[in-house]
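Q: For reference, the chains in residue letters:
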Amino acid sequence: MRVYLPCDAAACAVGADEVAAELAAQARACGIEIEIVRTGSRGLFELEPLLEIDTPEGRIGYARLDPDAIASWLSAILDGAQHSSAVGRVEDLPYLKRQTRLTFARCGITDPQSIADYRAHGGLVGLERAIALGPAGIVQQVVDSGLRGRGGAGFPTGIKWKTVLDTPGARKFVVCNADEGDSGTFADRMLMEGDPFVIIEGMAIAGLAVGATRGYIYIRSEYPHAIRAMRRAIETARLHDLLGPSLLGSRHAFDMEVRVGAGAYVCGEETSLLESIEGRRGEVRAKPPLPAHSGLFGMPTAVNNVLSLAAVPFILAEGAAAYADFGMGRSRGTMPIQLAGNIRNGGLFETGFGITLGELVEDIGGGTLSGRPVRAVQVGGPLGAYFPPAMFHLPFDYESFTEAGGLIGHAGITVFDDSVDMARMARFAMQFCAAESCGKCTPCRIGSVRGFELLDRIVAGDGVGADLALLEALCETMKYGSLCALGGFTPYPVMSALRYFPEDFAPARRAEPVQ
Amino acid sequence: MIVQKGSEPEAVARGVAAIVARHEAREGALLPILNDIQAELGHVPAGAIPIVAEALNLSRAEVHGVVSFYHDLKREPPDRPVVKLCRAEACQARGAERIAHLFEGDPRIAVETVFCLGLCASGPSAMVGDRVFGRIDEARARRLIEEAGR
Ligand SMILES: Cc1cc2nc3c(=O)[nH]c(=O)nc-3n(C[C@H](O)[C@H](O)[C@H](O)COP(=O)(O)O)c2cc1C
Ligand code: SF4
Ligand code: FES
Chain D
1 MRVYLPCDAA
11 ACAVGADEVA
21 AELAAQARAC
31 GIEIEIVRTG
41 SRGLFELEPL
51 LEIDTPEGRI
61 GYARLDPDAI
71 ASWLSAILDG
81 AQHSSAVGRV
91 EDLPYLKRQT
101 RLTFARCGIT
111 DPQSIADYRA
121 HGGLVGLERA
131 IALGPAGIVQ
141 QVVDSGLRGR
151 GGAGFPTGIK
161 WKTVLDTPGA
171 RKFVVCNADE
181 GDSGTFADRM
191 LMEGDPFVII
201 EGMAIAGLAV
211 GATRGYIYIR
221 SEYPHAIRAM
231 RRAIETARLH
241 DLLGPSLLGS
251 RHAFDMEVRV
261 GAGAYVCGEE
271 TSLLESIEGR
281 RGEVRAKPPL
291 PAHSGLFGMP
301 TAVNNVLSLA
311 AVPFILAEGA
321 AAYADFGMGR
331 SRGTMPIQLA
341 GNIRNGGLFE
351 TGFGITLGEL
361 VEDIGGGTLS
371 GRPVRAVQVG
381 GPLGAYFPPA
391 MFHLPFDYES
401 FTEAGGLIGH
411 AGITVFDDSV
421 DMARMARFAM
431 QFCAAESCGK
441 CTPCRIGSVR
451 GFELLDRIVA
461 GDGVGADLAL
471 LEALCETMKY
481 GSLCALGGFT
491 PYPVMSALRY
501 FPEDFAPARR
511 AEPVQ
Chain E
1 MIVQKGSEPE
11 AVARGVAAIV
21 ARHEAREGAL
31 LPILNDIQAE
41 LGHVPAGAIP
51 IVAEALNLSR
61 AEVHGVVSFY
71 HDLKREPPDR
81 PVVKLCRAEA
91 CQARGAERIA
101 HLFEGDPRIA
111 VETVFCLGLC
121 ASGPSAMVGD
131 RVFGRIDEAR
141 ARRLIEEAGR
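Going down the list, the sequences are from chains D and E. Each residue of the first sequence is one higher than the one before, starting from 1 at the first, in my numbering. Each residue of the second sequence is one higher than the one before, starting from 1 at the first, in my numbering.
If you're looking for bench data, these hints aren't it; they were derived computationally from the structure. Heads up, a few of these hints could be off.
[What the hints assert, rightly or not] Residues of chain D placed beyond 10 Å of chain E at every Cβ, according to the derived structure:
id, residue
1, R189
2, R259
3, R281
4, Y500
[Unchecked claim] Some but not every residue of chain E turned toward chain D, in silico, with C-beta under 8 Å:
id, residue
5, E24
6, A25
7, G28
8, G65
9, F69
10, D72
11, F103
12, F115
13, L117
14, G118
15, L119
16, S125
17, M127
18, V128
19, G134
20, R135
Here the structure is a predicted model, which is why all the values come from computation and not from measurement. All C-beta atoms in this analysis are idealised placements derived from N, C-alpha and C, irrespective of residue type, glycine included.
Assemble the whole structure, with the sequences as input and the hints as a guide.
A: Pasting the structure below:
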């Protein structure tokens with residue numbers, strides 16, 4: 001009997017390892033053979049640990065198993081009886097059926113550490129085509145696909161690669177940004193754990209495109225599972241010429257290594273990340289020069305988010321048009337959206353751009369987990385704006401959110417029910433900025449502390465009329481006087497909270513309830 | 001190995017030298033070295049800084065500046081097992097603040113605030129060493145503290 005169980009950190013966080021151990025023990029006790037394949041997660045985190053079993057009808061899922069339920073599960077399976085945890089054919093779950101999984105096509109299905117599985121499910125075709133196309137051809141495909149950076153800024157990936165390709169350098173680098181510091185996001189982590197070879201393949205293609213033979217993937221230290229998974233996959237990739245002196249037997253070389261962060265949100269900013277790899281404080285560099293001109297160790301460097309790089313093997317394998325077919329306006333292709341916080345069906349949802357915020361939160365997400373009304377959603381991580389349900393008509397794409405005074409960032413959507421206090425969330429945004437500021441510019445370093453103090457007064461019910469005007473002025477200063485988006489975008493959550501939920505900021509508001 | 005405060009300086013020096021030797025040849029070796037020192041010694045002892053500085057041809061001030069920048073790198077070893085509790089937005093939305101007091105009030109552990117563990121649809125979340133925990137309610141919090149405190 002073959003079963004599948006995720007090794008994804010979010011599945012392990014709710015007992016997947018214990019379920020695997022119990023299942024193995026019970027199988028031994030009953031004298032039956034069970035092969036447990038540890039996959040990535042399908043991304044329906046409310047159902048984890050989700051155990052799947054191979055049947056002639058496809059994979060049947062059993063949700064939220066815990067070790068105590070394994071004995072009854074096993075006897076039901078052996079008797080051909082139903083078990084209360086059954087959710088039917090996993091592929092038929094509406095949450096999965098409604099997705100367009102290009103980047104996450106294999107995640108949750110294959111053994112993430114098996115290169116044979118990877119190849120059998122379409123892997124390495126992109127790299128083969130890339131080798132045949134050569135640098136200019138690869139860059140053209142990526143430009144034509146319309147792919148934009150998935151790390152937040154949305155810069156066209158093909159244009160960035162062209163810049164690196166066209167910039168002479170004694171050496172060049174590809175750096176994969178896996179710092180994923182935005183709260184409410186976990187797609188990079190899921191992919192590193194659930195399909196690491198697609199990231200490696202994407203990096204190898206990027207290396208070919210820009211003329212780099214060396215790459216780094218910078219992973220935050222909060223992701224020990226992902227770090228282990230990437231390190232193992234890199235070793236395996238070397239054995240199969242997905243990395244090394246001769247990519248897939250060609251005359252092209254590319255190799256890469258993992259670098260681990262040390263707990264600093266700002267190190268997700270690309271120049272701070274480069275400083276960190278070089279072994280310095282993660283302070284943001286002024287631009288210009290762009291990393292594409294002078295990046296790691298002063299050499300031309302393509303810095304890309306995990307999801308940007310992982311979209312590339314599909315684009316090369318299936319052609320730019322196949323990718324660009326999805327999406328709307330200038331947002332082409334699919335986005336792995338992350339539904340987080342107080343939401344019933346939280347998890348990963350990959351779909352073409354253009355779906356509305358309301359569809360994501362209400363139809364797909366199923367509203368709040370608490371069952372109370374949705375009051376606010378924060379889109380795009382800690383630097384993203386808060387929106388009320390009145391804005392649920394917004395289509396999910398870069399331009400619509402920019403126009404609405406927000407950003408899609410790394411596509412995390414964090415849902416709050418009506419018990420949320422938006423003045424406290426605004427205060428948190430300032431607190432976060434103060435805690436994570438690299439300290440280089442005053443509006444960010446000092447402004448966030450002042451903003452926190454100001455909001456602390458308001459939260460305590462001691463606000464005065466002038467406080468809000470002061471807060472607005474402070475936000476203006478941070479927005480225009482900061483070197484990077486940490487100081488520059490912290491005003492988004494603060495000002496959107498104030499704009500859409502002014503009642504929470506009234507000077508005479510009651511003091512925060514004592515916890 | 002957790003080297004406690006006041007442990008033999010020679011032992012620290014030997015441990016640090018071995019870590020430095022592992023990474024010395026790499027470009028940008030400083031952070032990998034400091035991360036390993038933190039992992040193996042539970043902190044970056046003051047005595048480690050000159051050894052690392054000399055090996056990498058840096059000033060002590062430079063190494064010190066890096067140590068002080070990163071939240072993970074500690075100057076003192078922890079006196080109790082550390083539970084890293086996520087206090088970021090998605091975990092707040094799932095009740096992190098309502099369970100925080102269970103951790104903060106417990107003398108067996110030290111609580112550290114972290115912002116996001118990538119478990120944002122399964123919060124409230126926490127991490128102990130390399131182990132992660134999600135859907136923390138009162139019962140799970142008590143079990144987690146019990147295990148961590150052992
Ligand atoms: C404070 C701050 C934090 C950031 N964190 C991340 C991150 O964790 N991951 C990421 O890919 N990009 C992050 N970015 C964006 C990067 O600076 C950069 O735009 C991105 O890595 C480029 O890759 P892309 O074009 O593929 O998106 C951050 C930016 C700022 C200002
Ligand atoms: S805005 Fe803040 S984090 Fe960004 S460079 Fe300035 S001080 Fe550093
Ligand atoms: S916000 Fe707590 S794990 Fe992401």
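Q: Grab the minimum C-beta distance from V128 (chain E) to chain D and call the hint holds if it beats 8 Å, violated otherwise.
A: With Cβ-Cβ at 11 Å, over 8 Å, it is violated.
Q: Holds or violated: the hint that G118 (chain E) contacts chain D, with Cβ atoms closer than 8 Å.
A: Cβ of G118 (chain E) sits 4 Å from chain D, so the hint holds.
Q: Would the stated hint for A25 (chain E) survive a check requiring a Cβ distance to chain D of less than 8 Å?
A: This hint is violated: A25 (chain E) lies away from chain D, its Cβ roughly 13 Å from the closest one there, beyond 8 Å.
Q: Given F69 (chain E) as an interface hint, is its Cβ closer than 8 Å to any Cβ of chain D?
A: holds, 4 Å
Q: May I ask you to test the interface hint for R135 (chain E) with respect to chain D, counting a Cβ-Cβ separation under 8 Å as satisfied?
A: Hint holds; R135 (chain E) Cβ to chain D Cβ min 6 Å, cut 8 Å.
Q: Are E24 (chain E) and chain D close enough, Cβ to Cβ, to be under 8 Å, as the hint says?
A: Where the cut-off is 8 Å and the nearest Cβ of chain D is about 12 Å from E24 (chain E), the hint is violated.
Q: Using Cβ atoms only, decide whether F115 (chain E) comes closer than 8 Å to chain D, and label the hint accordingly.
A: holds, 6 Å
Q: Are all C-beta atoms of chain E more than 10 Å from that of R189 (chain D)?
A: violated, 4 Å
Q: Beyond 10 Å from chain E, beta-carbon-wise, is Y500 (chain D)?
A: holds, 16 Å
Q: According to the definition I'm using, a residue is off the interface if its beta carbon is farther than 10 Å from all beta carbons of the partner; does R281 (chain D) meet that for chain E?
A: Not fine: 4 Å to the nearest Cβ puts R281 (chain D) too close to chain E.
Q: Under 8 Å, Cβ to Cβ, is where M127 (chain E) needs to be relative to chain D, so tell me if that hint holds or is violated.
A: holds, 7 Å
Q: Is the interface hint for G28 (chain E) satisfied, with its Cβ closer than 8 Å to some Cβ of chain D?
A: OK, holds: G28 (chain E) within 8 Å of chain D, min 4 Å.
The structure fails hints 1, 2, 3, 5, 6, 11 and 18 (numbered hints given earlier, in ascending order).
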